[in-house]
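Q: Order-wise, the sequence lines are chains Y and S. Take 1 as the starting number for the first sequence in this note's numbering and just add one per residue. Take 1001 as the starting number for the second sequence in this note's numbering and just add one per residue.
Think of the hints as simulated: they come from the structure by calculation, not from any bench. Glycine included, each C-beta is placed from N, C-alpha and C at the ideal position. Take these hints with a grain of salt, some might be off.
Selected chain S positions facing chain Y (in silico; Cβ < 8 Å) [to be verified]: (1) F1103; (2) T1107; (3) A1108; (4) F1235; (5) V1237; (6) N1239.
To spell it out: a stretch of chain S is covered by chain Y in this simulated footprint if at least three of its residues, at any positions, have a beta carbon under 8 Å from a beta carbon of chain Y; those stretches are [claimed, not checked]: (7) 1047 to 1055; (8) 1058 to 1069; (9) 1080 to 1092; (10) 1133 to 1141; (11) 1171 to 1185; (12) 1211 to 1217.
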Amino acid sequence: MRKFKPSNKTNKYLLALPILLIYGLFLGGGLIGVAIESSGYIPALGLTEVGMAHYMNILSAPNFWSDLTYSLYIAFFAATISTLLGVYMAYRLLLSKHKKIEILVKKIMQMGMILPYLYMVFLVLILFSRTGLISRVMYNLGFIETLEQFPQLFYTPSGAGIILIFVMKGVPFVTLFVLNIMGRIGKYYYQVAKIHGASDFYILKKIYLPLSSTAIIWSSSIVFIYYLGAFEVPYLLNSNKNVNLSSRLYSLYIDTNISTIPDAMAYNMLLVIIGIIAVVVYSQVLKRIVKGGGH
Amino acid sequence: MKRILIVIGLSVVLSAMLLTILLSMFSYYRYPQILPSEWTLHYWMYFLSVNDLMAEAVLNSIKIGVFTAVLSTTVGFMTGRVVVSHFKSNRNMMMIVYSLPLFVPATALFIGVHMMMIKFSLNNNFWGIVISHAIIAIPYSTNIAVSFYEGISIDMENVAKTLGCGPILLFKKILLPLLMPGILLSSAICFLLSFSEYFAAFLVGGGKLVTLSTLYYPYINNGDYGNSAVLSIVFVVVNLSVFAIAEYGTRKLTRISNYLFE
């Protein structure tokens, strides 16, 4: 009997060609180009000395390590909070008995996911800044006497405002992503475990976390690396003291002094390497936590 | 307790939306005023007729979004086909490969992309921005494509083939109708990604090609509430319309259980 194959070999390469071309030329080509220039080799500018000097420049700069810690701190906290809340929300939505509330919450989540980061910045500023709506309402109700009494969330070293925006965007992403998988798993396990007297949290930890682990690790890692490399939100809301890596990279990249280009490229390569190491560590730790519940 | 939390959350979201609308129509907003006062149409007039750049930016953003959606959805569904039919066992591995752009910090990624755009003379260029946006949209479109192809049984194709169906007819009559909701969903998501994206549009557009987000950014940075509010509303209206169309369309076209909407 003849077997039917979905498509032949030429077909396969033809179908894969566009993605290979786009990734190869622009992603791969870009990174290779950056790597070459980071070694100091830019003949067009008359720079031909090859070496690691520019990496050393960056690594020995006084603010590099504090910028790195600050970036990792923001990415880690924002991603962890988004993941915890997102998984919790997905689980609650799965178990929800109130159809109307469920639909309402889902709609809000979808809204949160499709609104641009820049609009989130605007929303959060008009709500939570010192002159924002909440501060105004508190003033009028007599909870605070001057606006200085309202906590400063933006342009501060704590990065609270940045984390807040990231969480507002990250929770919907994780929730919808995880709910998609949890919805496929269904409620049956929950009902069976419930009959045997397991608590909600125990069921989540022992059944739903391990079963939806791929979706959780996946979505959480994506938001983590996104927060590490995000530009516009930190660039708008950074304090003068702490600047995250991507804002620093951008400032270096647009520097009018041509001789800093290799430094910028070295910075770029370091950000890529740091990003990859960080996301691998992050996802492995998360994997251990999420899957650990199954044993 | 749960009810109270939902009510608080909802009222915060709604009041923020309402405040945005008010800020676009009232010019005076001094602390500790709760709501702005002094009604004005200045900001809307500025958007609609005074500053031509604004209309141009919105139009540019929509055009870039549409082309990004078409390009990334096409590439995504081509790739999805290869992944589903040729990589049965190492699907997770393939998922990491086609999602690579998402695992490179965006700023670093786009500076590399910008360099290549300069090499190909695509900087300050419409197509340059489209391709840059496609790079971050393709992982999502491919992911959607994979989950839709997985829902199509190979038997269906085999039956058609035994009846003498050629590849073009097979695609048109069997695959396309089943994939349609996925294609729509993917297009909507890619459009939204592109429409909201700032950094690549700014870097590759180089200030020569203005999009809604590159125009929006300085207003927020300068704390210009009135103009920010107007552009925010434009943003939200376009995004919600695209989302609503996609949701309605997918519901109408759905033949297999789908990815994001329920």
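Q: All hints are to be evaluated individually against the structure, with a verdict given for each.
A: Outcome of the hint check:
no., hint, in the structure
1, F1103, "holds (6 Å)"
2, T1107, "holds (4 Å)"
3, A1108, "holds (4 Å)"
4, F1235, "holds (5 Å)"
5, V1237, "violated (11 Å)"
6, N1239, "holds (5 Å)"
7, 1047 to 1055, "violated (count 0)"
8, 1058 to 1069, "violated (count 0)"
9, 1080 to 1092, "holds (count 5)"
10, 1133 to 1141, "holds (count 3)"
11, 1171 to 1185, "violated (count 0)"
12, 1211 to 1217, "holds (count 3)"
Hint compliance for this structure: hints 5, 7, 8, 11 are not met, and every other hint is.
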